[in-house]
Amino acid sequence: MNDTQSGPPLLEVKDLSIAYKTRKGRVLAVEGLNFQVSSGETLGLVGESGCGKSTVAFAIVGFLGQNGRIPKGHIYFDGDEIVGKPQRELNKIRGDRISVVYQDPMAALNPVVPVGKQLAEVLTAHRSISNHEAWDRCVQMLKKVHMPDAEQVMSRYSFQLSGGQQQRVVIAMAMLNSPALLIMDEPTTALDVTVEAAVLDLVEELKEEYNTGILFITHNLGVVARVSDKMCVMYAGIGVEQGSAHDIFKNPVHPYTQGLIRCVPKLGRNKEDSVLYPIPGRVPDPAERENEICIFSERCDYAQPECRQGRPKYAEIEPAHTVRCFRARDIYKNRVSHEEIKKKPELKDEEEQVEKLLNVENLKVYYEQESKSLASFFGMEKKQFVKAVDDISVNVRKGRTLGVVGESGCGKSTMVKGLIGLEEITDGQARFLNFDLDKPITKRERTVIQEMQMVFQNPDATLNPSYTIGQQIARPIKLFKTVPKKQIRDEVVRLLESVRLNETYFDRYPRQLSGGEKQRVGIARALASRPDLVICDEPVSALDVSVQAAVLNLLLEIQKRFSTSLIFIAHDLSVVRFFSDDVVIMYLGQIMEMGPVEAIYDPPYHPYTEALLSAVPIPDPDADQGHIRLSGNVPSALNPPEGCRFHTRCPRRHQLPDGGEICARERPPRRQLENGHFIQCHFSEEALRNMEELTEAHTAVGA
Amino acid sequence: MTEQQTAEEMRPETIPDQGEGSVLESQKGFWRKIKSAVQIILTSKTATVGFLLVFFWVGVAVLAPALTPYTPTEQDWMHPNEGPSAKHILGTDELGRDLWTRIIYGARVVLVYLPVSEHVTIPGGTAIWSVFVALVVGSILGLISGYIGGWPDEIIMRLLDAMISIPVLLLYLLIVAALGASAVNVVIALAIMGIPGIARLVRSLTLDIRTRDYIKAAETRGESKLHIMFVEIMPNAKGPVIIDAMLRVGYAIFAMGTLGFLGMGIPPPSPDWGSMVAKGREFILQGHPWASLWPALAIATLVVGLNLMADGLREEMTRYQ
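Residue numbers (the working numbering), protein chains in the order written: chain A, 1 to 703; chain B, 1 to 321.
Hints may be right or wrong, so weigh each one.
To be verified - Below, in silico cross-link-like pairs of lysine-lysine (DSSO-like), each with a Cα-Cα straight-line distance of 30 Å or less:
id	chain 1	residue 1	chain 2	residue 2
1	B	K225	A	K24
2	A	K333	A	K313
3	B	K216	A	K439
4	A	K144	A	K117
5	B	K45	A	K24
6	B	K45	A	K485
7	A	K478	B	K238
8	B	K225	A	K481
9	B	K225	A	K443
10	A	K250	A	K313
11	B	K225	A	K439
12	A	K486	B	K216
13	B	K279	A	K481
14	A	K72	A	K439
15	A	K478	B	K225
16	A	K72	A	K21
17	B	K238	B	K45
18	B	K216	A	K21
19	A	K21	B	K87
Please keep in mind that the hints were generated in silico from the structure rather than gathered at the bench.
Keep in mind it's a predicted model, so treat the numbers as computed, not measured.
Required output: the full structure, derived from the provided sequences and hints.
Here you go:
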């Protein structure tokens, strides 16, 4: 907390408390928070959802709303007190000296006003500047944020841009008046990893160029590690640990910080050599927080009776590293900080003998693009197809997990929809058990349906809000008659217990459950028909990290117990690495690389895999990941590029002897390497082997 | 560790009482639902005012025989066209019939019972039945249109478009003229006119709900289309549909008034607010406004009450989400 720079810090938050008036009375959302941000410095504000991170951001810009109050504390911006400033004066600062970037760029931009007009307005609102000049400055700024053809973008509407481009526009808008302070509230959460990496690079670049102070709010430790200089970990409205990002990742002291770090899988770890430690329980609701105890003590492994006697104070355990924990010194003293040495994974040979459960060959799922023209109405136009899945061959082995990875729009979900029968298969073969999966689900036999079930992404939409948990799990049991009628209730309870929920959940409605609990019920419902194959479509991506770990552990346990096979779709490469036995890397409807998980995460890589790995945020500020960034977006599947699908974005293409011309012309060969590892690329096996390793997991893990 | 988690995730207040009989429990559930509905209404001032107005009319309609010494057709030859007095609290019409009695018996036809023929009546007022019939038919059409899509959707929606394109009043008159004026035919006319709006509402709700994961979950376990439409989708559309239905009861009362005024409503001598206004209209300029004023006020308060209640409820429910 000692500031190395002279003069007052750019932003100082001192003993800040924020309260909301609600139906339950006055509720403290943030309590006694302190931090400072200096110019040219990024402070990462980290915590689970419901910890009050965004509330802090709203308080700084004075957007607490009708029912929000700051009963105590100060916010100094450039030495000036912000708390209690009239809105009119705040308006002068907002958008000029302080800018905010929110999570959803789609919601931040007005869809009926061209992008350029929205950008120029930021300038003309705060400066007396001609429209023409403002326009030019906007174009320049768009170029600064690496927007391709900036002039054209100015006259486009937000919906004509991709998510990454939209976020660039929002960042450009925020930077137009070169603000002293930039607040970013989960700016990359809605983006693909590849786009996220590029946006984070941009943030870093702008910070250096403009010497801006940045308050970066996120729940993703990997992202914090990449951008932050300093960190403040928040739990239930209270700052629990502060210090430099480097120190905190090296020696996390507060049990909550440790928990957050331990519950995410490290890239390069798998389920055999590591375990995930979920943090038990959940963030207490602001209305139910007790004042006179350490608020984390209920979820803490280190908790002692003394932790429930009072609120701990900040203790400095290293220079500029403070922790709010009674046991901080003990924990720090006994830390086992060790550089984990990564052992070279051994590729196993016995893999081939495992029985194949699902065998997909040359699967194609096309959607017909509806054309509104008159010619097409009379059948005179050539039909156009969206080739969402184009020629995919893959196997799922019994009792194993197949991980499917790729950016959004790569056809991952369409592939599983085709398999499960929600989409019609255009061509190709899929054999499951002894059945052909060529019919849509309404025409399939009961047994096929019963043996293949699905777990969905969004915990809030996965359960029907009108029925109790018990009714929803009982439905598939009744439908498939897995047990006699009289035993249905027992069976439901058994399933609830297998996902670690008890009988009291039987009569509850989904709205009474937390996200993690809903997802578990979703898993129990999928298991109710006793399927051989469960397809998980991003089952944990909408959950908090601590809950994520619990759900992943549960899936692993269930797989072990029932020897269920899983198809696991995810965009998080660390999770897939941890969770899967085999991995498929998809790009634009095709498989770029496929093989056992150990083989995928080490060279030889497909250039696309390499780019994905380089982009994954790793919770370690010292990680060396290389710097491979993909330009542009996934092209449209309506007119996929000729030759290699990836050639338009491939960063390595020019290294080919002919400068990559062959990539645009021919579909690359499917190169078979050892152990069922395939790469579809024009590079020779040897060239692929000589790539640098990117996933060294030399992460220091405390305790 | 995870077990600990589950233990902590339980919220004590939501654990249902164990060991009680299931009948008792369901009864309890029913009262709890009523209680929570009343609570929602009372949190909104708008809804409370609307609720009081509607409650008043329902109350007097149900208790009508007990609230007046007269019958709606009883004529007091000595006192035609009189203002309010101790004998006739709201006055009398041109035939000396008690206006208060006719108003509250009029409310009965609107809200409490439907005269099917001279001797048969069924519970539920004309306005309620018309909305109910429209609701059933409209919801089915909307569900089919929204969930199945394709050509059934095209056909249903185009037919409904065609119906909407004809002026409402004209269609009422056409239907009632073709079928003849009776309470049942009024119900039929009002129901037909209510179908397009309800079908459109249910269709748009269905289009939204069908994209949810729980519908996909039902599809992946091979549920029939009927099951998905009526068991999975319909219960989740009921909130907005109920509020819409409340507004529609208001419209229906209004439309009944209009039909009655034009002489196409429930045939005399049964007390109908619309025809009462029409009859009383002739005497306004002669200095006897009462016979048309009271039924007009009755229509207005009831319709406004329903609208306020629906608006308030909608506000509260969106706030809950």
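Verification of the supplied hints:
1. A C-alpha spacing of about 43 Å is found between K225 of chain B and K24 of chain A, which places the hinted pair above 30 Å, so the restraint is violated.
2. The straight-line distance between the Cα atoms of K333 of chain A and K313 of chain A is roughly 18 Å, inside the 30 Å bound, and the hint therefore holds.
3. For the proposed pair K216 of chain B and K439 of chain A, the alpha carbon gap of about 17 Å is at most 30 Å, so the pair holds.
4. Note on K144 of chain A and K117 of chain A: the hinted pairing holds, with a Cα-Cα distance of about 18 Å set against a maximum of 30 Å.
5. Between K45 of chain B and K24 of chain A the alpha-carbon distance is near 19 Å, which keeps this suggested pair within the 30 Å criterion.
6. A hinted pair counts as satisfied when its Cα atoms are at most 30 Å apart, and K45 of chain B with K485 of chain A does not qualify at roughly 49 Å.
7. About 25 Å separates the Cα atoms of K478 of chain A and K238 of chain B, which keeps this hinted pair within 30 Å; it holds.
8. Pair hint K225 of chain B plus K481 of chain A holds up; C-alpha atoms about 20 Å apart against a cutoff of 30 Å.
9. Our distance criterion of 30 Å between C-alpha atoms is met by K225 of chain B and K443 of chain A, whose separation comes to about 12 Å.
10. The hinted pair formed by K250 of chain A and K313 of chain A meets the criterion: a straight-line CA distance of about 22 Å does not exceed 30 Å.
11. Distance hint between K225 of chain B and K439 of chain A is fulfilled; the C-alpha atoms sit about 17 Å from each other, no more than 30 Å.
12. Pair hint K486 of chain A plus K216 of chain B holds up; C-alpha atoms about 28 Å apart against a cutoff of 30 Å.
13. A threshold of 30 Å between alpha carbons decides the hint, and for K279 of chain B with K481 of chain A the separation of about 66 Å lies outside it, so the pair is violated.
14. A threshold of 30 Å between alpha carbons decides the hint, and for K72 of chain A with K439 of chain A the separation of about 65 Å lies outside it, so the pair is violated.
15. At roughly 17 Å between alpha-carbon atoms, K478 of chain A and K225 of chain B fall within 30 Å of each other, so this suggested pair holds.
16. With a CA separation close to 15 Å, the supplied pair K72 of chain A and K21 of chain A stays within the 30 Å bound.
17. For the given pair, K238 of chain B sits about 23 Å from K45 of chain B by alpha-carbon distance, which is consistent with the 30 Å threshold.
18. For the suggested pair K216 of chain B and K21 of chain A, the alpha carbons sit about 39 Å apart, so the restraint of at most 30 Å is broken.
19. Note on K21 of chain A and K87 of chain B: the hinted pairing is violated, with a Cα-Cα distance of about 55 Å set against a maximum of 30 Å.
Going through the hint list in order, the structure does not satisfy hints 1, 6, 13, 14, 18, 19.
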